[in-house]
Amino acid sequence: MTTSNLTRTTKHWDIFCTVVDNYGDIGVTWRLAKQLAAEYHIPVHLWVDDLHSFSHILPNLDPTLAQQTFNGVNIFQWNTPLDIEYVAGEVVIEAFACELPKQVKWVIERLHKQPQSSAPHWLNLEYLSAEDWVDGCHGLPSTQPSGIKKWFYFPGFNHKTGGLICEKNLFNERDQWQASPNNKMRLFEELGLSGIRVNDTVISVFSYESAALTALINQWQASPKPMHALVPKGRSLTSLAPFLPVDVTDLIPGQQFKMGNLTLHILPMTDQTGFDRLLWSCDFNIVRGEDSFLRAQWAAKPFIWHIYPQEDDYHLVKLQAFMRIYCDNLAAQIAATWTEVNLAFNQGDAKAVVNHWQQLNSVILPLQQHAINWPNNALNDADLASRLVQFVKNS
Amino acid sequence: MKTAHEIRPGNVIMLDGSPWVVQKTETTRSGRNAAIVKLKLKNLLLDSGTEQTFKGEDKLDDIVLERLDCTYSYFADPMYVFMDEEYNQYDVEADNLGDAAAYIVDGMEDQCQVTFYNGKAISVELPVHIVREVIYTEPSARGDTSGKVMKPATITGGGTVTVADFVKVGDKIEIDTRTGEFKKRV
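Sequence lines, in order, name chains A and B. The numbering of the first sequence is UniProt numbering, which starts it at 1 and goes up by one. The numbering of the second sequence is UniProt numbering, which starts it at 1 and goes up by one.
A hint or two may mislead.
[Said to hold, decoys possible] Here are the simulated lysine to any residue pairs, SDA-like style, with alpha carbons at most 20 angstroms apart:
| # | chain 1 | residue 1 | chain 2 | residue 2 |
| --- | --- | --- | --- | --- |
| 1 | A | Lys149 | B | Asn43 |
| 2 | A | Lys160 | B | Lys151 |
| 3 | B | Lys24 | A | Asp135 |
| 4 | A | Lys149 | B | Gly49 |
| 5 | B | Lys151 | A | Leu316 |
Source of the hints: derived by calculation from the structure; they are not laboratory data.
Start from the sequences and build out the full structure, keeping to the hints where you can.
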């Protein structure tokens, strides 16, 4: 380790991300990096350990390059050990409690020990949760053995938390998009999805495997109105294998399978802008994890959240916590129906999900209105990036 | 060194060169099963308090101070008085008991450990498992015997523990003092 990297600190922010679930962790960090660069003019270095997965949501990314720039963000291949000299910036973010490289910790600790400490602000950006305990843990320090403080930063749904990722102009863009049905029809065409008429019911499906999904697909086939399920290659399709005439691995984006009144479309992967527009264009979205979960809320459309499963069914505690705040101010019958559909889907309860989906039809109009009202309520006047910038200034 | 997950109220840890007594621990689960531990701490040199958060697997420098086996004797507001086997008495501030205070009851025979710093009793560690009587809980609502349905129960001393639905008033229950969790009916 040379001493040069102890003096050459710059104003940039480093974000470190390990890819665990293909698109979730990288989805969140890529959106944050882009927003910090675009709206706050912060030079951002995004370090990612799996550029191949990243390239699915950033198709122009070259996974073989050690360094490249998109949307004003410098993207680095994070190898262990780092094969690029690390120069400290103003902020270091370890996304979702990932372990920083030894070289980075070494530099931070030595900068901290210098008489005029110029060590970067060190943050652990945690997972989004609506549980009450988040309020009491957000923004707390975590003194490291070296004496330097790392800060826990929790996204969340109220003013005591770190907020939610949302670009400044997102809702305006969404409203403009949804004002004309021509936009969604053009998008479907661009994605190679044929046979969708403007008044057909369109549902996007980006979930984990679930027996509940299999049951819903079965039910949708008998829909009185034409329905379309848009499913990308991946884990959702595993649950749909019994319906398909070909092996899941042989499916090609753009392929479609007619099953009664339901058409199943194999979706191509899109970048994040394309994914947002897809969610804006569908009547209902089934989403998973964290990034698509939040984007489904911003889409102002009803949705099912398939939460990442945890030991001892602890994910159901997190699901219930979110459902409680989402259903606050929602009429009891509508809240109960939406809650039961989500619970049944997450428990893989085929019988219950079919039963509650039928009931959902009777409350769909007020549920759609609630979905329109929800984003501004959830945002609480400040998004995550703006609160994060302020947090760094104050700490 | 202990992981943050192993730290208990009454432990003393070194942070940034100062000894801190752990007054309260709160373990929660973040995404993907990762534990997050929130500690309420009191600086033994400055008498000031703080709260900090750690990943469950973070290593913390717990320091071994002089400790004595004691039993609880009586409460002399705001001090809890403990006594060793030679009948020496030690006063511990109520604040320094943290969550353990909920389990302190007159006549308890549990062997506790009193920790000393510079000759002063600064904290008390209870046994990992203690037994207390349930003095109030609602009757079983659904006749559940699986232990998965839970309800609140008040124990001797006034503390509240979440217990299995089959637990009744008068039952003696085992509690894990590290987490405050109900373990079983005894």
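Against the structure, the hints:
1. A:Lys149 / B:Asn43: With a Cα-Cα distance of about 16 angstroms, the restraint between A:Lys149 and B:Asn43 holds, given a limit of 20 angstroms.
2. A:Lys160 / B:Lys151: violated (29 angstroms)
3. B:Lys24 / A:Asp135: holds (17 angstroms)
4. A:Lys149 / B:Gly49: holds (16 angstroms)
5. B:Lys151 / A:Leu316: holds (18 angstroms)
Consistency note: the structure conflicts with earlier hint 2 alone.
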